[in-house]
Amino acid sequence: MRDYIIKRILLMFPVLFLVSVLVFTLIHLVPGDVVMSMVADSGQFNPEYIEKVRHELGLDKPLYTQYLDWSSGLLRGDFGRSLWTGKPVMGEILHRLPITLEIAVLAMVISTLLAIIVGVISATRQDSLVDYIARLVSIGGLSVPEFWIATLVVIYLAMIFNYSSPSGYTPLLKDPLGNLQQIGIPAAIMGIRMSAGVMRMTRSTLLEVLRQDYIRTAWAKGLRESAVIYRHALKNALIPVITIMGTQFGHLLGGTVIIESIFMLPGVGRLMLESIQQRDYTQLQGNVLFISMAFLVINLLVDLSYAWLDPRIRY
Amino acid sequence: MATRKGTILGVGLLLLLGLLAAACTPAAQPTATPSTRATSAPGTTPAAAQGEPGGTIRLITYGEPPHQDVHQSLLTNIQGEGFGQAYSGLLMYKWGPDVAALDSIPVGDLAEKWENPDPTTYIFYLRKGVKFHNIAPVNGREFVADDVVFSHTRQATKGWPNAPYVDMVKTWEAPDKYTVKATLDKPNAGFLTIFASGYNKIVAKELVEKDKDLKNSPHIGTGPFIQDEFQKDVMKSLKKNPDFYVKGQPLVDKVEFYIITDDSARQAAFQTGKIDRYGFSTPIVKALTAANPKLVKKEYKGSYGGFNFGLKVSQKPFDDERVRDAISLALDRQAFIDTVQFGMGWFSQGITLPKEDWLLPQEEFAKAWKRDVPKAKQLLAEAGYPNGFDSELTVAYTYGQSYISGGELFQSQLKDVGINVTIKNVDSPTYVERVIQRGTTGGEFKMYLGPLGAAAEASAELYNTYHSTGGRNVSGHNDPKLDKMIDDQSQELNAEKRKAMIMEIERYLLDKNYKLFIASSTSQTLVQPWLQGWAPYAGGDSHRAAILRTEWVDSTSPSKKK
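So the protein lines, in turn, are chains A and B. According to our numbering, the stretch in the first sequence is residues 1 to 315, in order. According to our numbering, the stretch in the second sequence is residues 1001 to 1562, in order.
For the record, the hints were derived by calculation from the structure and aren't laboratory data. Mixed in with the good hints, there may be bad ones.
So the derived label-pair ranges between C-beta atoms look like this [said to hold, decoys possible]:
no. : chain 1 : residue 1 : chain 2 : residue 2 : range
1   : B       : Glu1408   : A       : Leu152    : 25 to 31 Å
2   : A       : Phe17     : B       : Ala1290   : 55 to 61 Å
3   : B       : Gln1401   : A       : Val137    : 31 to 37 Å
4   : B       : Arg1371   : A       : Val137    : 50 to 56 Å
5   : B       : Gly1384   : A       : Tyr156    : 54 to 60 Å
6   : A       : Val144    : B       : Gly1140   : 56 to 62 Å
7   : A       : Pro311    : B       : Asn1425   : 55 to 61 Å
8   : B       : Asp1263   : A       : Leu113    : 29 to 35 Å
9   : A       : Tyr230    : B       : Glu1408   : 56 to 62 Å
10  : B       : Gln1401   : A       : Leu152    : 14 to 20 Å
11  : A       : Glu51     : B       : Glu1321   : 33 to 39 Å
12  : A       : Gly73     : B       : Arg1507   : 57 to 63 Å
13  : B       : Asp1146   : A       : Glu51     : 30 to 36 Å
All C-beta atoms in this analysis are idealised placements derived from N, C-alpha and C, irrespective of residue type, glycine included.
So that you can see chain B by itself, here it is in the shape it has in the complex:
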């Protein structure tokens, strides 16, 4: 009797598990830097996209932004990976298979062309007949020059995070309905490149006047997509703007952004075809491509940003150039690329350059950064540290496993020259507070390993990080010679001359070791076989992500099979 009941209970248990199983059955910078007396530097717009229309592109984003105002946020999850797709700007970066991912080439978007009659004046000629989305209170009215003046004046509000992308313009004027005149406070070699950034979006005046703020407002712009579905903390989608000013764009009917924060969930979603492309880490790329050889893997140099090894230069012992040189010689950057980055890295100093050929040759970096333990020990001895010293390395571990592994690798490499490092792992808010925010006034670190997000243009990075007065000069160095070199290049409008000046700065930085930049990452994006027309964002500009205008999905896409 008891046995039979036990069997019945067991069957019941199996049925329950069966039911559960059933539930889960598959069903930078301008190349055309304006010369001092140039009268025009016409922009061009990308050719109309070619591909099959329709379908949906499904992408991953990483969370909800704190608010919805595109002028008060630098977060990717509102700018390019989300409702920021509802907007456009006067300029954007050129993209496509013929454009190197690192090159930031400004082209017209809402502006058809532009000219700079003198070094501080830019005149933009706008497209005619462009309409805002047909949503109240804007109701599809025409976009005109006053919108540019209003938007960029608003964006330049003192203290707003997006202000540095337009605040070099002293005055905005609208001489007529389709012409905008920008007057800069001084010549700025990087102006067009910075201005083409996706952070510079045109918003509607009526909406700002109605809501006073855009933090909780709908997204009404002139962009290729219109705000559609919103499931808070889950997903957001935008539908095609049928009145978009570039005929034939966008090609897809819809774009969806899913908030997936867990690595295994991202991998599973991609593997099962629910996501169309994503930039995975090397081990996951290997696992996914082994499981599905049809996946397309794109490798490219996507951004100058990367791994930053900083020192508190204003304090002992790092105020001694010999100590900094010794540390640089103790670090084996190539080993870092080979092991921690699985070979997916390259040398740079984290400075966004207009074109890749402005970067020092890789051989020059390799020579300067070749590991030399005996010489490092000799330099330490000359600096008065024959037995090395104890120090602390703050590691921003929440930015990824590479930082944790990198910290451990550098700890062992520094030990070889007698520098005993204690690792202090901190999360990103702690890192920003202790290193970045308070770094310029002292900070709470000795050495640190953290990310360096690439700025939009070389001058921005040089002023921020390397100028003595820079807001991110957390090393605390003060070098009038370097300051002058930075000032001079920023006002040099001749591209060739500026290129030489910037390369001289790169060599000077290699010599001074104010920062021991480690490496930039080679990006990897996995693309489903049905997604076509994808190319890396120009200059790493994920804030406009204009590539979505020309991407398309073929008939094998799950979104077309539905």
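The following block holds chain A by itself, in its conformation from the complex:
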């Protein structure tokens, strides 16, 4: 197990290197830069100022020099400074990460509860009315983009219930209920939508497991339904489900871009969107690299969890 973990960690470095080259190249291929964003916002244009700021930010250096400067900083654990604010990139990410983590964790909880519960009901009552409804809803959930649902929720809550999220942002530790009012709806939208895929996977893998000999044996032994389903069948059906959930959690860290903007939440997703709009290269590169690292770590944890779920799996 230890060797496996070390090997996986070592493999992360070439992946991160490739990600760094890719994100650096792609963002620099897009026309315009951070100084253009600054003057675009103000609607005024001063060539001297533009050249001066470009020089100060090092944007007048050759691209390979800019990459080497940035990547050598990374090797020292320095993600650089935001070109827009001049503040440390990692500081900006860490400042906003708790909000995104909160949304992601709450969305995962909602998604998991809904998906497992509905998936189990759907599988154990295959081809019943409940099953059809659950499948129909889950296909709907997969088909409709969450930004569309979010926009409708925001507008209809205002129109019908005269409700909108409280202004400003309330930290969880300061006022948990106030925080829930701000985080709850976006997390529910993401969670309910995400649950569609997990629910379908839970249903199909559970149906497969329920047809295995050992399940038939369990029924034959006269075990209660709950014991058969939850102790024997569900645990064995969870491996592909957890793989999907792990991937979804990774997506959540970088996939809250639109939701955070609609619900006025200053998380990592909105930071990412702003970085793109502002051509804040260093901040965007830092964000992507950070999320890639999180993705790799989550994937490793998911792989390790297989051994816990299925004792036959050994690394």
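We have chain A already, so just place chain B on it with the hints.
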């Protein structure tokens, strides 16, 4: 058994959704342009505001500025919609119900009055007893003439974005504690108007000396509000300055700016009474006023800025005046106003004028810009393009849906005369780089549709955009006659004579079609019924937004019910 468990699970699911539902249960230019030998042109300050004191005004802003230095930023989210409210300047624009929104009338702010004994000298007499905010290291000391000299000398630093608003002044002097003398390098008809802009703010010398820079410093000024709460990327607030030099102002205790970037979120926040006023697009205004008839809708001509249709005049085929005329005749600007702008537009050429009557009559624009497809085809044929030609239209789509829709409308209109246009949608940084920045040296466009932000004064716009050497002459035209007309009006201190000269320039531009300006927008601001005393910012000066000094909220405001 299984059914009962399923029911229990279902109930659990409903409970979870119920909990979530519970979480969201409602709980320009001077009118008094100094004459050549004028000895004085006294400014006045607005009368003390009348209204109920207290409460909070809650507004929307669009994001965080990159830094906090008000001398190195032209962004609205630091100047007027944010901590810029902590500052004031020597002059400002007059505002109120009796002032047309388009008129930029300089009045005194920190200066009680001024005079210009000769065409290049202005002497400002300052208010006495004005104090900076009581925050270290300034600690509420008195504002004096040296602060003006320091601030505007600093602001004029070469290359700084705010420098053009003061760099026409050759020297600043402080003959005594309450007098400032500004000597211009040459007569400048628009000086007072430009100088009254909200970009010209007085900062404290001690703070600059302590921090070397103001990019990460607190905001310490002499303005009506004092920096208060700051939630990065979420909101910022300022509280009333109890020692403000205009007694009785500001009326409200606090002003809050919320960063809301999404249209639906802005609409929801306004609809639920969390925001006190905002300028929405026409469809949203209709939806909101239908839902709540008590909302007050204000329509006004807020700025000369608007939709700009540019051509690369220095290159073929646009170097031929007949081609430019043909394109202008092919475009139906009235249709653009009627459809894309929902009727909320008017004709101008994007030049900020001292008063609205300096603008050519709308009928004259309508006549010159009347769509005439047969004549356009004839002109194209005479220019050697009987079958038209292919071209490309760069559209700055991130500035709003109007640009996307407008691009498509003009594409179809140009097709009618045989010009087949491919639309290239680009975001704002790309637009600025390809069109604005590199436009003067070639650029990467043939035709473009983008915004024209109004300059503070007619000369600024004319020099920037229409003078052959202008920093934004992206059309690339070179017209010595036009250059001379621009130079002449800029030094004409007699307002009537200058008005005639500028109107002549407007007609000349209509004839030459170096730029095919489309229309200026009629602004719409929705105001909650409890917010009183709001009037459009004078001359579109959102950089000072001095209106916040006299706005007030009545007892029905949610901020007073708390």
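Q. So does Gln1401/B sit 14 to 20 Å from Leu152/A, Cβ to Cβ?
A. 19 Å, holds
Q: Could you see if the CB distance from Gln1401/B to Val137/A stays within 31 to 37 Å?
A: This hint holds: roughly 33 Å between Cβ atoms.
Q | Pairwise beta carbon distance, Asp1146/B to Glu51/A, judged against the given window 30 to 36 Å | A | 32 Å, holds
Q | Verdict for Pro311/A, Asn1425/B (Cβ pair) under range 55 to 61 Å | A | 56 Å, holds
Q: Hint says 33 to 39 Å; check whether the CB-CB distance for Glu51/A and Glu1321/B agrees.
A: Because 34 Å falls inside the window, the suggested range holds.
Q) That 56 to 62 Å hint for Tyr230/A and Glu1408/B (C-beta), does it hold up? A) 58 Å, holds
Q. Is the gap between the beta carbons of Arg1371/B and Val137/A within 50 to 56 Å?
A. Since the Cβ atoms of Arg1371/B and Val137/A sit about 52 Å apart, the hinted range of 50 to 56 Å holds.
Q. If you check the beta carbons of Phe17/A and Ala1290/B, does the distance land in 55 to 61 Å?
A. 56 Å, holds
Q: Return holds or violated for the Cβ distance of Gly1384/B and Tyr156/A against the range 54 to 60 Å.
A: Since Gly1384/B and Tyr156/A have Cβ atoms about 58 Å apart, the given range 54 to 60 Å holds.
Q: With respect to the beta-carbon atoms only, verify the hint that Glu1408/B and Leu152/A lie 25 to 31 Å apart.
A: Cβ of Glu1408/B to Cβ of Leu152/A: about 26 Å, so the range 25 to 31 Å holds.
**Q.** Arg1507/B and Gly73/A - C-beta distance against the hinted 57 to 63 Å
**A.** 58 Å Cβ-Cβ, so the 57 to 63 Å window holds.
Q. Quick one: are Val144/A and Gly1140/B within 56 to 62 Å, going by C-beta?
A. Between Val144/A and Gly1140/B, where Cβ atoms are some 58 Å apart, the hint holds.
The earlier numbered hints are all upheld by this structure, with none contradicted.
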